[in-house]
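Visitor: Since the structure of chain V is provided, determine the placement of chain S on it from the hints.
The primary structure of each chain is shown beneath.
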Amino acid sequence: MDFVNIALAKGRLAENTLKMLTLQGITFPDYHPGSRKLIYENELQKIRIIFVKPSDVAIYVEKGAADLGVLGKDILMENEANLYEVMDLGFGQCKFVVAALRDYVDQPGKKIRVATKFPNVSRKYFHQLGRPIEVIKLNGSVELAPIIGLSDVIVDIVETGKTLQENGLIIISPICRVSARLVANKVSFKTKMSHISRIIEGLRQNAD
Amino acid sequence: MLQYKNYVPEGVADTHWDEYETKDKIIGQIKKQFKSFGYRQIMTPTFEYYDLFVGIEGTIHRDEMFKFIDGNGKIMVLRPDVTIPIARMAANSHGRYQGYFKFAYIANVFRVSEDQSGNKREFMQAGIEYLGNEKSDADAEVVAVGVKILKECGIKNFQFDLGQAAYFKGLMMEVALEKNIKDHIRKLVEEKNASELFHFLRPLNIPSRVKDTIQKLPYLYGKPNDVIRTAKEIALNIEMEKAVDYLSEVYEILKDYGYEEYITIDLGLVNHMDYYTGVIFKGYARNYGKPLLSGGRYDHLTKQYGLALPATGFGLNIDEMMEVMEMNNMLKESICFTDFLILYTQKTRERAFLLAETLRSKGFIVESDLYGRDLKGQIQNAEFRNIKEIIELAGENLKIVSIKNNEIKKKTMVQFLKNLESNGAVFSIH
Numbered sequence: 001m002d003f004v005n006i007a008l009a010k011g012r013l014a015e016n017t018l019k020m021l022t023l024q025g026i027t028f029p030d031y032h033p034g035s036r037k038l039i040y041e042n043e044l045q046k047i048r049i050i051f052v053k054p055s056d057v058a059i060y061v062e063k064g065a066a067d068l069g070v071l072g073k074d075i076l077m078e079n080e081a082n083l084y085e086v087m088d089l090g091f092g093q094c095k096f097v098v099a100a101l102r103d104y105v106d107q108p109g110k111k112i113r114v115a116t117k118f119p120n121v122s123r124k125y126f127h128q129l130g131r132p133i134e135v136i137k138l139n140g141s142v143e144l145a146p147i148i149g150l151s152d153v154i155v156d157i158v159e160t161g162k163t164l165q166e167n168g169l170i171i172i173s174p175i176c177r178v179s180a181r182l183v184a185n186k187v188s189f190k191t192k193m194s195h196i197s198r199i200i201e202g203l204r205q206n207a208d
Numbered sequence: 001m002l003q004y005k006n007y008v009p010e011g012v013a014d015t016h017w018d019e020y021e022t023k024d025k026i027i028g029q030i031k032k033q034f035k036s037f038g039y040r041q042i043m044t045p046t047f048e049y050y051d052l053f054v055g056i057e058g059t060i061h062r063d064e065m066f067k068f069i070d071g072n073g074k075i076m077v078l079r080p081d082v083t084i085p086i087a088r089m090a091a092n093s094h095g096r097y098q099g100y101f102k103f104a105y106i107a108n109v110f111r112v113s114e115d116q117s118g119n120k121r122e123f124m125q126a127g128i129e130y131l132g133n134e135k136s137d138a139d140a141e142v143v144a145v146g147v148k149i150l151k152e153c154g155i156k157n158f159q160f161d162l163g164q165a166a167y168f169k170g171l172m173m174e175v176a177l178e179k180n181i182k183d184h185i186r187k188l189v190e191e192k193n194a195s196e197l198f199h200f201l202r203p204l205n206i207p208s209r210v211k212d213t214i215q216k217l218p219y220l221y222g223k224p225n226d227v228i229r230t231a232k233e234i235a236l237n238i239e240m241e242k243a244v245d246y247l248s249e250v251y252e253i254l255k256d257y258g259y260e261e262y263i264t265i266d267l268g269l270v271n272h273m274d275y276y277t278g279v280i281f282k283g284y285a286r287n288y289g290k291p292l293l294s295g296g297r298y299d300h301l302t303k304q305y306g307l308a309l310p311a312t313g314f315g316l317n318i319d320e321m322m323e324v325m326e327m328n329n330m331l332k333e334s335i336c337f338t339d340f341l342i343l344y345t346q347k348t349r350e351r352a353f354l355l356a357e358t359l360r361s362k363g364f365i366v367e368s369d370l371y372g373r374d375l376k377g378q379i380q381n382a383e384f385r386n387i388k389e390i391i392e393l394a395g396e397n398l399k400i401v402s403i404k405n406n407e408i409k410k411k412t413m414v415q416f417l418k419n420l421e422s423n424g425a426v427f428s429i430h
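So the protein sequences, as listed, match chains V and S.
If you read the first sequence in this note's numbering, its first letter stands for residue 1, the second for the next number, and so on.
If you read the second sequence in this note's numbering, its first letter stands for residue 1, the second for the next number, and so on.
If we strip away everything but chain V, and leave its shape as in the complex, we get (with noise of 0.2 Å):
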């Protein structure tokens, strides 16, 4: 039996999926959080598990390097990738949302000036909407760039809200929930299939 490789980004995703993986029996014993190795395998049971960037997750089982991937859907949506979305995992959750400081208003045919971490998503929302769009591609403390008149809106994930409070913004317009998503490469799915399916479905057992 070959092995099955599940790319994992470090942080929470990862604790939760491995705890779920614990769950049907899956462990792997040299694994601890703080440890700097990328990859551990269960020889046993030929699962393999490998830490990369959150954002890589996709690439890497898109082009088979890895069979499944857990990611959020979030990058899903920014990265749009050729792969098979099997499952949501329940956890990571949040959502995407637009937000303005508070006394911002909306004129109605006027381009909107957008800061964002996620280009591709806002573009489609606001396409949706009709309404073009200026984007503003930064990669962190998107809060700030309404604050300083960098832009009209913000659109970003927000899981409490609380940071755009303490900021002096509001939500404007939800757009989406996310969660995070087991992934699976469209050939490993088939050539792997029941190997993959297995874990797949110890999964969905221990989501519900």
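No lab work stands behind these hints: they were computed from the structure.
By construction, the Cβ of each residue, glycine as well, lies at the ideal position given by its N, Cα and C atoms.
Honestly, I wouldn't trust all of these hints.
[Said to hold, decoys possible] Beyond 12 Å from chain S on every Cβ pair, some chain V residues (computed):
#, residue
1, LYS19
2, ASP30
3, LEU38
4, GLU41
5, VAL61
6, ALA66
7, ARG123
8, ILE148
9, ASN167
10, PHE189
[What the hints assert, rightly or not] List time: in silico PhoX-like cross-link candidates among lysine-lysine, alpha-carbon distance up to 20 Å:
#, chain 1, residue 1, chain 2, residue 2
11, V, LYS63, V, LYS19
12, V, LYS124, S, LYS404
13, S, LYS290, V, LYS63
14, V, LYS124, S, LYS187
15, S, LYS404, V, LYS63
16, S, LYS388, S, LYS418
17, S, LYS182, V, LYS124
18, S, LYS404, S, LYS388
19, S, LYS411, S, LYS347
Guide: Chain S only, in chain V's frame:
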């Protein structure tokens, strides 16, 4: 400014001689199979009018095409695919339809790809197109040629997934929805995204039995008999039933080809539904993340060029196939070599050429060069070029330096040629 004169652009590459040798063998193998099934090789131009590709609901997006403008201001496209030009060719060059066409091609195709995605922008594709035969036998034959090629190229652990575009189309007839909603359903089915499909369908105003069938689609894959049975049970109209029957026929025919073990079915294969009209398929190799080969029936394509011909075919990426073979250590190392290097003097030159020609006619690879004083240099060069023996032709006799055995022998011309005859086994087999 950075000078690029020593660099090749991303997504294209030089081919090393040993690599070329290997590729050439694979191409030879593929061509042989195409030919043996009666597919006649053709070639279409490297670039054509943008108009040829743009109005067509094809498998390649407009943004993926390399475009340029010629002297007359016309937009041209570097061949992004071969099927469309073949459809044009079939429709144009045979105004009056008399039977079927079986075409084969091996050509480089060009695609714009995202920066730093690691994707090739020029790659070699081989494929066949079977036009003018609407029977399931044609579908099965095309799949069978694909199976045979992977087998003959020594790829182990491969499988073919069959799908049926007409099944999904039949299902979509049951729902009166806008195209973009149907497209979204298609996308979720293609992604096997069952949970989102469920949430997306819930508020839609369509009958619950239709919803149930749509939700089952992502799971309609696996062993042919099981999938065909279930697909038939949940079919909602005659179109869907016919689609399953047709798929089942193709599978039965493939059994008679003896290829049952390679076939699985996935009715959730619903990519490029604007293009494909019937049975579609993909060939996968184990431990390789991309399909090696894909194709299917596209009965509406040639109509757009003025002659309606039912058609099916497939394309396979030769560069990717080589990657698979390399990964599994299946490439019979094709390392370039030379059998003999004949070194001559001015006096022996004529005799040397005569000897070289004699050897070449026996199938050996022979090089020749002027004898210099520096034999050591010649030996080094021979090692580098993988030359097996150096023949020095200085006087009457031959001095034979065997690089591999590290030995020198003296022989007369007659002895040497006689030796070759008796050692029939050492005959070059390039």
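Visitor: Mind verifying the non-interface call on V/ASN167? Its CB should be farther than 12 Å from each CB in chain S.
Guide: holds (32 Å)
Visitor: Within 20 Å, alpha carbon to alpha carbon, are S/LYS404 and V/LYS63?
Guide: Answer violated: S/LYS404 to V/LYS63 is near 42 Å, above 20 Å.
Visitor: At 12 Å, judged by beta carbons, does V/LEU38 keep clear of chain S as stated?
Guide: holds (19 Å)
Visitor: Find the nearest Cβ of chain S to the Cβ of V/ALA66 and say whether that gap is larger than 12 Å.
Guide: It is violated; V/ALA66 is separated from chain S by about 9 Å at its closest Cβ, not greater than 12 Å.
Visitor: Does V/GLU41 clear chain S by more than 12 Å, comparing its Cβ with all Cβ atoms of that chain?
Guide: holds (16 Å)
Visitor: If we take the beta carbon of V/ILE148, is the closest beta carbon in chain S still more than 12 Å away?
Guide: holds (31 Å)
Visitor: Within a Cα-Cα threshold of 20 Å, do S/LYS182 and V/LYS124 meet the stated pairing?
Guide: Answer holds: S/LYS182 to V/LYS124 is near 18 Å, not above 20 Å.
Visitor: Looking at V/ASP30 again, its CB stays over 12 Å from all of chain S?
Guide: The claim stands: V/ASP30 keeps its Cβ more than 12 Å from every Cβ of chain S (closest is about 25 Å).
Visitor: Given the proposed pairing of S/LYS290 with V/LYS63, does the C-alpha separation stay at or below 20 Å?
Guide: holds (7 Å)
Visitor: Tell me if the straight-line CA distance from S/LYS388 to S/LYS418 falls inside 20 Å.
Guide: holds (19 Å)
Visitor: Holds or violated: are the alpha carbons of S/LYS404 and S/LYS388 at most 20 Å from each other?
Guide: holds (6 Å)
Visitor: Closest CB-CB distance from V/LYS19 to chain S, is it above 12 Å?
Guide: The claim stands: V/LYS19 keeps its Cβ more than 12 Å from every Cβ of chain S (closest is about 20 Å).
Hint violations for this structure: numbers 5, 6, 10, 11, 12, 15, all remaining hints satisfied.
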